Amino acid sequence: MHVSALFPKVFSDEQNFPLTIKFGRPRLRPNDRIQLASMFQPLHQMARLLSPLADTTEVANANPSADPGDKHVASIWNSGIQSLETPACRIHCLESRTGVKFLLVTDTKLPQASRESLRRVYEAYTDYVLKNPFYASNQPFNFEFFVNQVKIICEQVERGIYVSS
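Those letters in the sequence shown? Residues 18 to 182, by this note's numbering.
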């Protein structure tokens with residue numbers, strides 16, 4: 018059937034209203050998000066274990082006049098996979114020191130700089146979730162201030178504003 022023949026049939030039938038037209042890829046459903054995160058977790062952990070960087074290394078003191086036995090530990094954080102790119106999307110990951118992972122799925126058209134928005138999400142997490150007296154560790158949360166802040170950050174990423182403030 019030709020497209021021009023389809024329009025009169027669709028628009029003349031009252032059962033077709035309200036008419037919703039969506040363009041682009043469908044949004045991820047909650048189960049899709051859980052499945053994506055559960056598939057990403059083992060890949061992230063394997064990359065972290067296979068990385069040549071250790072989490073911390075001892076570094077000799079940079080001051081030559083200091084005591085030769087005096088060493089300090091330089092903190093190197095081996096955070097596993099930071100970005101994973103496919104032909105359809107990019108998956109960015111930020112893992113906190115406490116092991117909380119934040120994932121951002123973006124279009125490949127957005128630059129890698131959009132990953133910086135995850136730092137802002139982490140800041141919102143520490144401000145609105147960890148400092149909330151009603152939050153219990155390792156429990157699901159749905160705090161309105163945090164959700165609103167994440168929505169604002171995601172809107173800014175879509176508009177091309179990536180730099181942390």
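It is possible that some hints are incorrect.
[As the list claims (entries may be wrong)] Lysine-lysine pairs mimicking DSSO-like chemistry, simulated, CA-CA at most 27 Å apart:
{"no.": "1", "residue 1": "K168", "residue 2": "K148"}
{"no.": "2", "residue 1": "K168", "residue 2": "K118"}
{"no.": "3", "residue 1": "K148", "residue 2": "K118"}
{"no.": "4", "residue 1": "K126", "residue 2": "K168"}
[What the hints assert, rightly or not] Per label pair, the in silico range of CB-to-CB distance:
{"no.": "5", "residue 1": "S29", "residue 2": "L147", "range": "54 to 60 Å"}
{"no.": "6", "residue 1": "T103", "residue 2": "R46", "range": "24 to 30 Å"}
{"no.": "7", "residue 1": "T103", "residue 2": "Q32", "range": "21 to 27 Å"}
{"no.": "8", "residue 1": "Q58", "residue 2": "S29", "range": "39 to 45 Å"}
{"no.": "9", "residue 1": "F158", "residue 2": "Q99", "range": "21 to 27 Å"}
{"no.": "10", "residue 1": "K26", "residue 2": "N159", "range": "39 to 45 Å"}
{"no.": "11", "residue 1": "K26", "residue 2": "Y139", "range": "49 to 55 Å"}
{"no.": "12", "residue 1": "F40", "residue 2": "G177", "range": "18 to 24 Å"}
{"no.": "13", "residue 1": "C171", "residue 2": "T143", "range": "17 to 23 Å"}
If you are wondering where the hints come from, they were derived from the structure by calculation, not from laboratory data. Owing to the predicted nature of the structure, the values given are computational and were not obtained by experimental measurement. We put the beta carbon where it would ideally sit given N, CA and C, even for glycine.
- Task: Compare the distance between the alpha carbons of K126 and K168 with 27 Å, and conclude whether the hinted pair is satisfied.
- Result: At roughly 20 Å apart (the allowed maximum being 27 Å), K168 and K126 satisfy the hint.
- With respect to the beta-carbon atoms only, verify the hint that K26 and N159 lie 39 to 45 Å apart. Since the Cβ atoms of K26 and N159 sit about 43 Å apart, the hinted range of 39 to 45 Å holds.
- Task: Given the range 18 to 24 Å, decide if the beta-carbon distance of F40 to G177 lies inside it.
- Result: At roughly 20 Å between Cβ atoms, G177 and F40 fall inside 18 to 24 Å, so the hint holds.
- Query: Within a Cα-Cα threshold of 27 Å, do K168 and K118 meet the stated pairing?
  - Reply: holds (18 Å)
- Task: Could you say whether the range 24 to 30 Å given as a hint is met by the Cβ separation of T103 and R46?
- Result: Check failed, 19 Å falls outside 24 to 30 Å.
- Given the range 17 to 23 Å, decide if the beta-carbon distance of C171 to T143 lies inside it. Taking Cβ atoms as reference, C171 and T143 lie about 18 Å apart, which means the hint holds.
- Task: Go ahead and decide if the range 39 to 45 Å is satisfied by the Cβ distance of Q58 to S29.
- Result: Once the Cβ atoms are compared, 51 Å apart, the range 39 to 45 Å for S29 and Q58 is violated.
- Item | Distance restraint hint 21 to 27 Å, applied to the beta-carbon atoms of F158 and Q99 | holds (25 Å)
- CB of S29 to CB of L147, is that within 54 to 60 Å? Holds - the Cβ-Cβ distance for S29 and L147, about 56 Å, lies within 54 to 60 Å.
- Item | Hint consistency between K148 and K118 [alpha-carbon to alpha-carbon, up to 27 Å] | holds (18 Å)
- Within 49 to 55 Å or not, the Cβ separation of K26 and Y139? holds (51 Å)
- Task: Look at the Cβ atoms of T103 and Q32 and judge whether their distance stays inside 21 to 27 Å.
- Result: violated (39 Å)
Figure legend: structure checked against the earlier numbered hints; hints not met, in rising order: 6, 7 and 8.
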